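In order, the protein sequence lines correspond to chains A and B. For the first sequence, our numbering begins at 1 and goes up steadily by one. For the second sequence, our numbering begins at 1 and goes up steadily by one.
Hints are computed from structural coordinates only; laboratory data are not their basis. Computed from a predicted structure; not experimentally measured. Any given hint could be a false lead.
Derived DSSO-like pairs: lysine-lysine, alpha-carbon spacing no greater than 30 Å straight-line [claimed, not checked]:
1) A:K131 <-> B:K39
2) A:K122 <-> A:K97
3) B:K39 <-> B:K87
4) A:K122 <-> B:K39
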Amino acid sequence: MSIRHGLLALLDQGPRYGYQLRTEFEARTGATWPLNVGQVYTTLGRLERDGLVAPHGEDAEGHVYYAVTEQGRAELRNWFDTPVPRTNPPRDELAIKLAMAVTVPGVDVEAVVQGQRRHSMKALQDYTRLKGQALTAERDGRSDLAWLLVLEQLIFQTEAEIRWLDHCETRIAQYRPAPVSAPEPAPPPAPAPAASAAETPRARRRSRF
Amino acid sequence: MTTQQVRSGTDAVLHLENITRVHGHGAAEVHALRGVDLKVHPGELVAVMGPSGSGKSTLLTLAGGLDSPTTGRVLVEGQSLGDLSRKQQAQIRRRAIGYVFQDYNLIPALTAAENIALPRELDGVSTRAARREAYAALTELGIEELADRFPDDMSGGQQQRVAIARALIGERRLVLADEPTGALDSTTGEAVLSVLRARCDAGAAAMLVTHEARHAAWADRVVFIRDGRVVDESVSRDAASLLVSAATNSTGPVAE
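Whenever a hint applies, use it, and build me the whole structure from the sequences.
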């Protein structure tokens, strides 16, 4: 998540002070990625060091305002124009856990899969409820497109994870280790789920957006 | 367990009481359900998820009185379907239960509005009143323009929505749906589920069979079924507590 570019995007709409930036950032994303004020000031400090923002005076209450510079504006345009890189998939704890579970003796892999599926399903139910509320708000003329999009991203991602878990369950159930001398050996146990972990959710995410 | 705690004090609209269903005999015996106990309460939307062949569709046909369990009882509003005459069973199916079939089951010689009104007319409601209710159901699903069309002139998705309107007409207290969003694109499917959700919020009970997690997520409770048994379930937090967490959000809905 790029707090840096998020703050630049907010400052592009006019000078703001730290606490205000935090509130607006959280409002756009429904507080999905909560920020603390410390993070905001650290990031502002780095943006200032890099010449992307500059202090823009103080108000009567002592709030220090920041404004985006020309260079900052260019950086922001560049951010919007460049796709978010997918070439180095972020480390996924669940994929690592399953890759380990299928290789470590004595682990009940089915239970690991089902435990995760229940947990993710509950999250998906909760997001869906929030989405239902967001859609009702929209019908009442209180639309919040930014929040709805963030929420739907969580929904699609969680759904992809559950589909992947369903797939893992079938894959594991069908898996028969190949005899050593087999002419066409099946893939060894460990890399199989790990490889699909790296590829599948990413491919789905890409196809959905 | 959690649901029992949350919903204690309310009588179940549907109770599948320790049911089994065996197809065939001897060596060819297939155990579709191996002892399932499941309750659906007023206001509750329950989704049943499982791979093909897990028994989820069998569960729904038993709940709708379209098939009988090998052992165990199916209770609809406290009445055991097995204890009723065929005539009484048919009456419960018409009045209390709305059923959405995977393949729609619309009557080709009737228009959409006539298809929807049919169960009400069979129940003795006047044609005019039944027609009025049919139009209300069509409006609820946003498909008024299909009222006078015949099933053959409709797309699969349109037929699906007519079938759903037919299941919702009148004061149905139990709605059973087998993959009701199968033929629909994602926004239309979502619209249908939000209609179902609204019905449950207004007090109906519903059971939805699906393999799509995104659709099951509209449910209060998701029941996972494997090989004829309920293996697990996931219960959503109530909306009130979600609102609090969304409003005060220091941890955020994602943090856990």
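Hints, one by one, checked against the model:
{"no.": "1", "hint": "A:K131 <-> B:K39", "result": "holds (26 Å)"}
{"no.": "2", "hint": "A:K122 <-> A:K97", "result": "holds (20 Å)"}
{"no.": "3", "hint": "B:K39 <-> B:K87", "result": "holds (25 Å)"}
{"no.": "4", "hint": "A:K122 <-> B:K39", "result": "holds (19 Å)"}
Checked against the numbered hints given earlier, the structure satisfies every one of them.
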